[in-house]
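Student: For reference, the chains in residue letters:
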Amino acid sequence: MDNNEQKKLLRMMLLIRRFEEKLVDLSQDPQKLGGMMIVCTGQEAVAAGVGAALLPEDVIITNHRSHGHLLAKGAEPDLIMAEIFGRRTGYNKGKSGTLHIAVPEVNALCTTTVVGGGIPIAVGTAFAAQYMQKDYVTVCFFGNGASDEGSFHEALNMASLWNLPVIFICENNIYSGAQRMEEHTKVKDIADRAAAYAMRGEIVDGNDSPAVYEAVQRARQDCLSGAGPVLIECKTYRWGGHGTADQQLYQPKDEIARWKEQCPIKGLKASLMRAGVFTEQEFQQFEIEIGHIVEQAVQFAETSPWPDPAEALEDVYV
Amino acid sequence: MQELTLGQAVNQALREEMSRDERVFIAGEGVGVSIHSGPYGATNGLLEEFGPRRVKDTPVSEAGIAGLAVGASVMGLLPVVEIMFNPFFTIAADQIVNHAAKLRYLSGGKSKFPLVVRVKTGAGIGAGCQHSHNLEAWVAHSPGLKVVMPSTPADAKGLLKSAIRDENPVIFIEDMILHFVPGSVPEGDYTIPIGVADIKKPGRDVTVVTWSKMLGAAFKAAGQLEQEGISVEIVDLRTLVPLDEATILESVEKTGRLVVLHEATRTGGFGGEIAALVAEKAFDALKAPIKRITAPDIPVPFSKPLEDFYIPNESSLMEAIRGLL
Numbered sequence: 170m171d172n173n174e175q176k177k178l179l180r181m182m183l184l185i186r187r188f189e190e191k192l193v194d195l196s197q198d199p200q201k202l203g204g205m206m207i208v209c210t211g212q213e214a215v216a217a218g219v220g221a222a223l224l225p226e227d228v229i230i231t232n233h234r235s236h237g238h239l240l241a242k243g244a245e246p247d248l249i250m251a252e253i254f255g256r257r258t259g260y261n262k263g264k265s266g267t268l269h270i271a272v273p274e275v276n277a278l279c280t281t282t283v284v285g286g287g288i289p290i291a292v293g294t295a296f297a298a299q300y301m302q303k304d305y306v307t308v309c310f311f312g313n314g315a316s317d318e319g320s321f322h323e324a325l326n327m328a329s330l331w332n333l334p335v336i337f338i339c340e341n342n343i344y345s346g347a348q349r350m351e352e353h354t355k356v357k358d359i360a361d362r363a364a365a366y367a368m369r370g371e372i373v374d375g376n377d378s379p380a381v382y383e384a385v386q387r388a389r390q391d392c393l394s395g396a397g398p399v400l401i402e403c404k405t406y407r408w409g410g411h412g413t414a415d416q417q418l419y420q421p422k423d424e425i426a427r428w429k430e431q432c433p434i435k436g437l438k439a440s441l442m443r444a445g446v447f448t449e450q451e452f453q454q455f456e457i458e459i460g461h462i463v464e465q466a467v468q469f470a471e472t473s474p475w476p477d478p479a480e481a482l483e484d485v486y487v
Numbered sequence: 015m016q017e018l019t020l021g022q023a024v025n026q027a028l029r030e031e032m033s034r035d036e037r038v039f040i041a042g043e044g045v046g047v048s049i050h051s052g053p054y055g056a057t058n059g060l061l062e063e064f065g066p067r068r069v070k071d072t073p074v075s076e077a078g079i080a081g082l083a084v085g086a087s088v089m090g091l092l093p094v095v096e097i098m099f100n101p102f103f104t105i106a107a108d109q110i111v112n113h114a115a116k117l118r119y120l121s122g123g124k125s126k127f128p129l130v131v132r133v134k135t136g137a138g139i140g141a142g143c144q145h146s147h148n149l150e151a152w153v154a155h156s157p158g159l160k161v162v163m164p165s166t167p168a169d170a171k172g173l174l175k176s177a178i179r180d181e182n183p184v185i186f187i188e189d190m191i192l193h194f195v196p197g198s199v200p201e202g203d204y205t206i207p208i209g210v211a212d213i214k215k216p217g218r219d220v221t222v223v224t225w226s227k228m229l230g231a232a233f234k235a236a237g238q239l240e241q242e243g244i245s246v247e248i249v250d251l252r253t254l255v256p257l258d259e260a261t262i263l264e265s266v267e268k269t270g271r272l273v274v275l276h277e278a279t280r281t282g283g284f285g286g287e288i289a290a291l292v293a294e295k296a297f298d299a300l301k302a303p304i305k306r307i308t309a310p311d312i313p314v315p316f317s318k319p320l321e322d323f324y325i326p327n328e329s330s331l332m333e334a335i336r337g338l339l
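These protein sequence lines map, in sequence, to chains A and B. One gets the numbering used here by counting positions in the first sequence from 1 and adding 169 to each. One gets the numbering used here by counting positions in the second sequence from 1 and adding 14 to each.
Only chain B is shown next, with the shape it has when bound in the complex (with noise of 0.2 Å):
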């Protein structure tokens, strides 16, 4: 085991993958030479290594890096590009979900698109709501994309080669505060599979259905709640598209509770899907209302302390759990 932040993970993974198929290339604004260049850089020293054939710097041309991944997919290459942040998606998203998700469809099976997509998330950076909005639901949204947005540096490098070498066209969403956190990682070649959720604490009282960053938010509460005699849970999704339906409502029927806790903004969030889920497929299991714990309708603030409001975290998390005991 080694101990590597999330960015880490991502850079070993983006490392080891290059080194192992040569149709692995990387695109993006500052992969290669960067104003955001430090230790933590998921393409730290990847253009070092592999020279400008491999690291493509490209203009700030979100749609061009979009469309650059799915021409050059299409054609057999296994691009991996960088949207730098998640509200930049939305310039790219004609690329990405009018044609990454559909062409293959429209070519009735025989075309392939097998691009990664990596986007930077997440509120907490201090740097307002055009760097920091959380659209994870807007890709999920898209049939024929697939959608990971790993927790802990471990799943994000096996999850991020699985994303390398699946088929289809992944969007890698990795949380910014996380880059900076560290976690063990196997050394060497793993795969974690796309479409598996992880349960990342077994409990008995109440399942927590959550991903990214907000599984930190979720261990806290735990681990208070425990001292309460309270038993949680913790599901962590992972992947959103495919959904690993099955590990939902397992949990759910063994604990008979239900929170969903994302930091994306309430309406037409993810978690509605989730309670949607539970509220078809495992009614009869629950024995109380679901409840969803997420930011507010607003745009992320910029001042600290309206960011820190708008962040969900381990008190509003743990008031709801009490609540339904």
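So here's chain A without its partners, still in its complex pose (with noise of 0.2 Å):
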């Protein structure tokens, strides 16, 4: 991965984590959004890997932490924040709120947060582009707590069966609600799980975004020659609760610090000024031009009219 395409992880990390961080504040005041947000602070880089390795054809089927992949799918901040003011302009019209917003243009087809629900509507994505033959790939992100949800399992026996273009993409934060990984599994490596598929499986540093790109990347390929599917698991931590109304009473504090000082974006902007390649004042640069990106989202979204009542009996039948 060269220079450029580096700096532009990191400034789709940044864009993440700066939108993520202002849903966490309007969260605070009800006058503004109120409500419980899930975030994905701390686990940019999957987001931003993945992104990177995928072409506009490529669908990506996601979870209830979403708003990152869907960024880095291409979707906009605007129409992102809107929907999660639930305003008419939103990509869904407010149907969907934070948690469940599908991005068609960019091929976003389903967020959704029944646990380990979009495994199985990633396989049939993916059988859609063997029967039609056409060369795009399914991308399914997950955690690590959906993948002991049987739906996990059979659409995995099911993709590997029919060596499905589908790239499953756990990402490992160690917590499935309010338990460790020890307390859910006895299984140490989500990505052990590939084997009883007979499916690749492959571990990568979650934190790493340029590392997370290659392993889709490679993936991606396998799965267009015909040798997927793949299961990748990334190994990451999620900074916050599971939402904000989350107190983290059962997150050890040194355990975070821990995480925050491999903080996703802190290492690719040290390595990239080590390799004398970036500077400070390039990072300042994109801090501003992402402030002003999500300052603007969230005045767009804020001045964008409310559904009409009687737009929700809209949308639920062709």
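Just so you know, these hints were derived from the structure itself, not from any lab. A portion of the hints provided could be inaccurate.
As the list claims (entries may be wrong) - Straight-line Cα separation of at most 25 Å, DSS-like style, residue types lysine-lysine; simulated pairs:
(1) A/303 to B/126
(2) B/295 to B/268
(3) A/404 to A/422
(4) A/303 to B/124
(5) A/177 to A/435
(6) B/234 to B/268
Said to hold, decoys possible - Partial list, derived from the structure: chain B residues whose beta carbon lies under 7 Å from chain A:
(7) 78
(8) 81
(9) 82
(10) 91
(11) 119
(12) 122
(13) 125
(14) 154
(15) 155
(16) 158
(17) 181
Ideal placement from N, C-alpha and C gives every residue a C-beta, glycine not left out.
Using the hints, put the two chains back together into the complex; each one sits in its own frame.
Tutor: Following this line, the structure appears as structure tokens:
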């Protein structure tokens, strides 16, 4: 991955970070947004690395912690923000809110909050690629907790049986709700579960966005050459709680501090600066641009109209 | 006209739609090579005709099968997947109720999920309650789905074609006893619109609203009551969602009496919805209380006399009707 591409990764991670931080702020103020926000702070490298490896025609299916995935796939911050605010101008006219944003414009076709619910759907979108002999892949994001769901196992078995072009991205942030890995499964690495379905499983440092990018590139090639599917486990960490209402009583403070030291943004920034290809000044320029993008998104959302109540009745059937 | 069973009529609709449109494929447990293979099987012979690309035998993974349909349909394919027996629907329910039904709404009307889930249903096959359990009310209670339950082979063929061509998710529920019952079916291509009930027999004194296998009991009762001078009108819903309210209300306004007859259990059954509709919108036309004839609130029992007791029949229907006059 060349320097410019790495800088793009860094910029995307920063956009995701500032977007999510803004949501956390706004959620504290009932006059602004209020309610619980589920954010991906600390996990930005997965979204950015995957997004960079995909083409516009590639499909993503994602979960409750989706904002980063959607931004990295190319969704517009303004329209995501407006959806989170429940406004008519949002991607889904206020029908989805923060939890279920679908962006068909960038082939982000399903964001589901049913844990594991998207995994069988990814098998379906991948099946369609094979059936129509089209060269796109499907990426399905889910957490370590979802790998305990029956849907995960049914879907991986079917995907493997039919050699479908689908990349299963497990974002292992150590927690499944309030349960640590060792409390929800005896399996040490979720990637090991691939072996049960005669599928290639790979572990990648989920805080290293170029590494995520490269792993997804390889998996994408595998899928397009008929050697898919692939399960990639990205080891990362959720800095915050499940959502903003979570008091994080179960997350040791020293553990959070340790992972913050491994901040994916800090890491890539330092690496680029060490290589002498990036400056603090450039980073500050990113901050200014992104600060503007996020402020603009909030302003767009806040000034957008609410839907009429009667619009609730629309969009159920074709 | 040709004589086909409901199973054969479904088979013919699938064959014709697969020939007509390359986007149509079928998937499920044993839709190709089956433990239930036979000349009346709904997917019999399709593997030989269309090959394994379009006739996908799946693992025993109901959630996976339903998810396959959701994902394939949003990409523009027209999946027709099979859930072997209605009780197994429960393990596919997340995909159908939370995803197939809701994802269009969640997209703000941008995405479409033109899929069909075929479900075999009904008591009377001696297989007990985990193979026989009519759950149509569950899906009717999930906005975003259409629910079709044909009672005749001709309706099954025309309605399945409509279901496949419909841009919404359709749950198509086929009674297993009816699978083996023959009837006249028009040759060639025709459709029957979803959401239109059919007056299977006109009458004067009482309206019987029913669907699927219970149409047979309604006809038997109507035939016998005719000899007693009681004229029964039989409304076959064919589609539960969207519901053809106008046909039901017009019939009740004419007869002034309503009996709802369904095989599913009573509490929370779809019959309550029909009763409520008529009570709300045609109360003044009623000359007698609304009656429901349903299975009792028990699981489908195995033993023959117990299973026969479970399934509503013409005797209980006739008794109810006589009580209204």
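Student: Evaluate each hint against the coordinates.
Tutor: How the hints compare with the structure:
1. A/303 to B/126: Holds, because 20 Å separates the two Cα atoms, which is no more than 25 Å.
2. B/295 to B/268: holds (14 Å)
3. A/404 to A/422: Holds, because 19 Å separates the two Cα atoms, which is no more than 25 Å.
4. A/303 to B/124: holds (22 Å)
5. A/177 to A/435: holds (14 Å)
6. B/234 to B/268: Satisfied, since the Cα-Cα distance of roughly 22 Å is no more than 25 Å.
7. 78: Holds: closest Cβ of chain A sits about 4 Å from residue 78 of chain B, inside 7 Å.
8. 81: Nearest chain A Cβ about 2 Å off; hint holds.
9. 82: Where the cut-off is 7 Å and the nearest Cβ of chain A is about 4 Å from residue 82 of chain B, the hint holds.
10. 91: holds (5 Å)
11. 119: Where the cut-off is 7 Å and the nearest Cβ of chain A is about 5 Å from residue 119 of chain B, the hint holds.
12. 122: Status holds, d = 4 Å.
13. 125: At about 5 Å, which falls below the 7 Å cut-off, the nearest Cβ of chain A leaves the hint on residue 125 of chain B intact, so it holds.
14. 154: Hint on residue 154 of chain B: violated, closest Cβ of chain A at ~14 Å, above 7 Å.
15. 155: violated (14 Å)
16. 158: Where the cut-off is 7 Å and the nearest Cβ of chain A is about 6 Å from residue 158 of chain B, the hint holds.
17. 181: holds (4 Å)
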